[in-house]
Amino acid sequence: MKSYRKELWFNTSSRREFLNITTEVQRCIEESKIKEGLCLVNAMHITASVFINDDESGLHQDFEVWLEGLAPEKPYSRYKHNGYEDNGDAHLKRQVMGREVVCAITQGKLDFGPWEQIFYGEFDGKRRKRVLVKIIGE
Amino acid sequence: MKSYRKELWFNTSSRREFLNITTEVQRCIEESKIKEGLCLVNAMHITASVFINDDESGLHQDFEVWLEGLAPEKPYSRYKHNGYEDNGDAHLKRQVMGREVVCAITQGKLDFGPWEQIFYGEFDGKRRKRVLVKIIGE
Amino acid sequence: MKSYRKELWFNTSSRREFLNITTEVQRCIEESKIKEGLCLVNAMHITASVFINDDESGLHQDFEVWLEGLAPEKPYSRYKHNGYEDNGDAHLKRQVMGREVVCAITQGKLDFGPWEQIFYGEFDGKRRKRVLVKIIGE
Chain F
186 MKSYRKELWF NTSSRREFLN ITTEVQRCIE ESKIKEGLCL VNAMHITASV FINDDESGLH
246 QDFEVWLEGL APEKPYSRYK HNGYEDNGDA HLKRQVMGRE VVCAITQGKL DFGPWEQIFY
306 GEFDGKRRKR VLVKIIGE
Chain W
186 MKSYRKELWF NTSSRREFLN ITTEVQRCIE ESKIKEGLCL VNAMHITASV FINDDESGLH
246 QDFEVWLEGL APEKPYSRYK HNGYEDNGDA HLKRQVMGRE VVCAITQGKL DFGPWEQIFY
306 GEFDGKRRKR VLVKIIGE
Chain X
186 MKSYRKELWF NTSSRREFLN ITTEVQRCIE ESKIKEGLCL VNAMHITASV FINDDESGLH
246 QDFEVWLEGL APEKPYSRYK HNGYEDNGDA HLKRQVMGRE VVCAITQGKL DFGPWEQIFY
306 GEFDGKRRKR VLVKIIGE
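Protein chains in written order, with my numbering: chain F, 186 to 323; chain W, 186 to 323; chain X, 186 to 323.
Bound-form chain F, shown alone (with noise of 0.2 Å):
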């Protein structure tokens, strides 16, 4: 069996941003050079998410709107996490979309259907954060 680890940084210019990671990710199975596994990529802070959906802009807007709408930011005060911080929202948010995907390697690649993506979900960006990528199998 072989591993590999690898840690993607990300610096988002705004609070809440989708980028898609596929290619990055894909680039990491292709230097584990494991063929046949499973490659699991999660975010390492507990505001931030990685899931798979489609690389739509349109449902972008919606996803922020309907998070906005589900633990909404704004007012601070709502939410008792925001003591010393004021991102509670941003942990609730990240529960909806989750925090991690494990992905199926065939003979190399991604072994996608041909809508899925990978993105790294922000919300609580502006500053470096990251991904870890961690691949096991031969």
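To be clear, the hints were calculated from the coordinates, so they are not data collected in a lab. All residues carry an ideal CB built from backbone N, CA and C; glycine is no exception. Hints are not guaranteed to be accurate.
[Unchecked claim] If we take Cβ atoms under 7 Å as the criterion, some of the chain X residues that face chain W in the derived model are: (1) SER199; (2) GLY273; (3) ARG284; (4) LYS319.
With the hints as your guide, set chains W and X onto chain F.
Frame of chain F; chains W and X shown alone:
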């Protein structure tokens, strides 16, 4: 290390439906001859889910009502994604229910609690769609 | 490839509770002697979650209020699942928070960001329930 891959195909007669796929997944594990490992089961489409919960029809009606409350199908105009499509709600519902499950395999079987059952959750059906089963182990 | 399996048992004194189980999971990894691999941690019950977020009591109170808003416990009559039971809300809350986490193991340790902690999320407690830890790797 061994690996195994199979696609399961579904075509639901209604837009939204929950199908119990536990038996099909267990059959994959038997075919794989893997006794100890991990089994990834994921929707290959971004308007469908794979999740684990109870096989109880009252609960499935509760899921339907609850998800319609969180991300209503109509009016279609409420989603920017629906410029060319009418399935914006399905992309959101799938985020709540999740894309995938990772299951332990122990002694050649799904290592489950007494009530755990695997479901395919369709949110934009009436067409052929796929689930991927990928198993690694020994 | 090595594999390892362990059940962790919990019995919360209230219906809903969040327990930090990071130390127990790290202990499993040490017992497994696996240095590089993947660690699945999942609730074996369908009214409980395993998730990763912050160990901060204000945030946990925010989770409680937020989940009660999304899927209220009462009136019990609001859920069809509650014909024979009173835990319909717990099945929904667990979907928001998730069934499982998959964690990377690197150099024999949980490969985590600085604030990541693993929680058992109980939504229908006051009885003995289980979490499964399954590790594969080398």
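**Prompt:** Can X/GLY273 be said to touch chain W, with a Cβ gap under 7 Å?
**Reply:** Holds, about 6 Å.
**Message:** Would the hint on X/ARG284 be counted as holding, given a Cβ-Cβ threshold of 7 Å to chain W?
**Reply:** holds (5 Å)
**Request:** Using 7 Å as the Cβ threshold, decide whether X/SER199 counts as touching chain W.
**Result:** Since the shortest Cβ distance to chain W is 21 Å, the answer is violated.
**chain W contact restraint for X/LYS319 - C-beta distance below 7 Å** = holds (4 Å)
Comparing the model with each earlier hint shows a violation of hint 1 alone; every other hint is respected.
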